[in-house]
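If you're matching them up, the sequences are chains A and B in order.
Numbers given in the working numbering equal positions in the first sequence, counted from 1, plus 7.
Numbers given in the working numbering equal positions in the second sequence, counted from 1, plus 1284.
Treat the hints loosely; a few may be bogus.
[Stated by the list, open to error] What follows is a set of in silico ranges between Cβ atoms, one per label pair, in the way DEER data are often shown: (1) A:Lys120 x B:Pro1463: 53 to 63 Å; (2) A:Gln211 x B:Met1459: 31 to 41 Å; (3) A:Ser182 x B:Arg1558: 48 to 58 Å; (4) B:Ile1421 x A:Asp140: 35 to 45 Å; (5) A:Asn82 x B:Arg1558: 26 to 36 Å.
[Claimed, not checked] Straight line, CA to CA, 25 Å or less: simulated DSS-like cross-link-like pairs of lysine-lysine: (6) A:Lys44 x A:Lys86; (7) B:Lys1358 x A:Lys144; (8) A:Lys230 x A:Lys123; (9) A:Lys251 x A:Lys123; (10) B:Lys1562 x B:Lys1358; (11) B:Lys1358 x A:Lys145.
For the record, the hints were derived by calculation from the structure and aren't laboratory data.
Remember, predicted model here, so these are calculated numbers, not experimental data.
Note that beta-carbon positions come from the ideal geometry of N, C-alpha and C, so glycine has one too.
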Amino acid sequence: MSESGDIHIDHLYKSYSSLNMEKEPVYVLNDINLDIKDGEFHVFLGWSGCGKSTILNIIAGFVEKTQGSVQIGGNEIYKPGVDRGVVFQNADSAIFSWLNVWDNIEYGLRIRKSPKPERSEVVRRCIHLVQLDSHEKKYPHELSGGMKQRVQIARSIANNSHILIMDEPFGALDSQTRRIMQNELIQLWRDTGKTILFVTHDIQEAVYLGEKISVFSRAPDAKIIRTIDLPQPHPRDLTLPSFKTIIQDIQDLFAEEYVI
Amino acid sequence: MTDSRRRYIFAAHETQSESEMNCTVKKIKSLLKNGWEFLLANGFITWGLLLLIWQLGSLTTNAQFLPGPIAAIKGGIEIVQNGLLLDYLGISFLRVLRGWLLGIAIAVPIGLAVGQFRTFRLIFEPFVNFFRFVPAIGFITLFLMWFGIGESSKVALITYAAIFPVSINTIAGVMSISPITIQVAQSQGASPFQIFCTVTIPASVPQIFTGIRLGLGGSIVSIVGAEMLAAQKGIGYLIYTSRLYYRTDWIFTGIFILGLSGFLADRLLRLFGRTALKRFGVRESK
Ligand SMILES: Nc1ncnc2c1ncn2[C@@H]1O[C@H](COP(=O)(O)OP(=O)(O)O)[C@@H](O)[C@H]1O
Ligand SMILES: [Mg+2]
């Protein structure tokens, strides 16, 4: 129903025009079909260059699709919208360096002219949610990598985006910070019921987080070769045999890919 | 005290004072080294050498041809005392300031538009890349013809000189903004106009500021050209006409004042950048 926030991807193709100069178009995404339920934690897993960012950028409305359909709640996506918050790996470009933490998080509300007292209340709550209370006056260059990603997450929450689009958000963090951020993200997902689209090339991270994992084949002509269901509750202990089996399966899948 | 004992004490004293001396020598050496480093790093050696060579050079010829630093300083004091220098400096300062500010006012909007819109870029870029190789001096007679012999022609020349560094750096600033930065604003509901005002402009501030600094340099350099023709006063005028009055020493005063003003103005501007524009990412740079 159009009321719900289900994402429906149907026969999606993408070729970048620069790749398209020859007679034969080279498809970065080749016939992607995918349904993502409202409130799902969906992970896109694949080697770098396989088109994970491309599919996220299409869903975010930044990149035009070549063919096919991408719908959210029954509405075709063709441009960015506040319903979809983005969290990029490269926080240095994704946070405005001339605004402090507070102003970065407030930006969208201010742009959309939300009334001041209400706005401040929302920003305060979001800053608290990501535990940046004592850092709200700091500028991005004064923040650690983990704190910058928290700013990006808080910004999406402040905008009340229902879908969080995260492109390797923890890829640049050290392993300790990454684990903390993963746990916080899961907490946030459970508390808010948001849909999360999460890109990673790290199998462990995918299995630790995802409710569903779409595994991509190698580029070009990337397809989703398998979508894995992971109904197991969080927090997950990846040393358990059941998870080890899943991780091994995915590794085998990639290994097969490589031979072909 | 026996002889041997005395000798012993003497020897001990000697070795002690020897090691003490070694220590002092080391200290002096390190002091000298630090001092040398200090002088070198702060340009004192450069200036000392220059003054020395200049003075020596001046001794081989007459004061009309090459007055030495001492003669130049004397000449400088003369025009400081009779108020001429301050008067000229004020006039040149105003011309540079007006031309430079006008240049900024023209170049920043053009640079923003050219950086932002492909069409503008395709139209303007060949134009910019042609005229940036034509120095302000090339336009002197034209500007005199077009703007008259008053202040306008001089200000116009300085404006011309300032426009290129400011616009070229502004264009580069806008074009170097990461698409991700724009996307972040788009996904929060910002309209293209809002993005232009709240992202494009603040994100290009550091490069615009670099352009403004280079523009100030260009403005100061072109003051000599601007005051070459149809000027009655100014530092450029002083440099250009002193020879006619057989006051070669004043040329050196003018050159010195020009260099010093540029140096100080840039220092001041950098201080402004470091403090007032700090949050835009303007940091200490050469
Ligand atoms: N703007 C673009 N123009 C041309 N080719 C692109 C562009 N963006 C990505 N590609 C190409 O598309 C493929 C997939 O890229 P991307 O979606 O970024 O992969 P991933 O995020 O999985 O690493 C790569 O081969 C990349 O070179
Ligand atoms: Mg990517």
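> Straight-line Cα separation of B:Lys1358 and A:Lys144 no greater than 25 Å?
Replying inline: The given pair, whose Cα atoms are some 55 Å apart, is violated under the 25 Å limit.
> Is the gap between the beta carbons of A:Asn82 and B:Arg1558 within 26 to 36 Å?
Replying inline: 49 Å, violated
>> Can you confirm whether the C-alpha distance between A:Lys230 and A:Lys123 stays at or below 25 Å?
In response: Violated - the C-alpha atoms of A:Lys123 and A:Lys230 are around 46 Å apart, more than 25 Å.
> Is 31 to 41 Å right for how far apart the beta carbons of A:Gln211 and B:Met1459 are?
Replying inline: Holds - the Cβ-Cβ distance for A:Gln211 and B:Met1459, about 39 Å, lies within 31 to 41 Å.
>> Taking the Cβ atom of A:Lys120 and the Cβ atom of B:Pro1463, is their distance within the range 53 to 63 Å?
In response: 26 Å Cβ-Cβ, so the 53 to 63 Å window is violated.
> Within 25 Å, alpha carbon to alpha carbon, are B:Lys1562 and B:Lys1358?
Replying inline: 43 Å, violated
> Can the restraint linking B:Lys1358 and A:Lys145 be considered satisfied, given a maximum Cα separation of 25 Å?
Replying inline: 54 Å, violated
> If you draw a straight line from the CA of A:Lys44 to the CA of A:Lys86, is it 25 Å or shorter?
Replying inline: Status holds; Cα separation ~21 Å.
>> Holds or violated: the 35 to 45 Å window for the beta-carbon distance between B:Ile1421 and A:Asp140?
In response: 60 Å, violated
> Are A:Lys251 and A:Lys123 close enough, with their CA atoms no more than 25 Å apart?
Replying inline: Status violated; Cα separation ~50 Å.
> If you check the beta carbons of A:Ser182 and B:Arg1558, does the distance land in 48 to 58 Å?
Replying inline: 37 Å, violated
Consistency with the previously given hints fails for numbers 1, 3, 4, 5, 7, 8, 9, 10, 11, ordered from lowest to highest.
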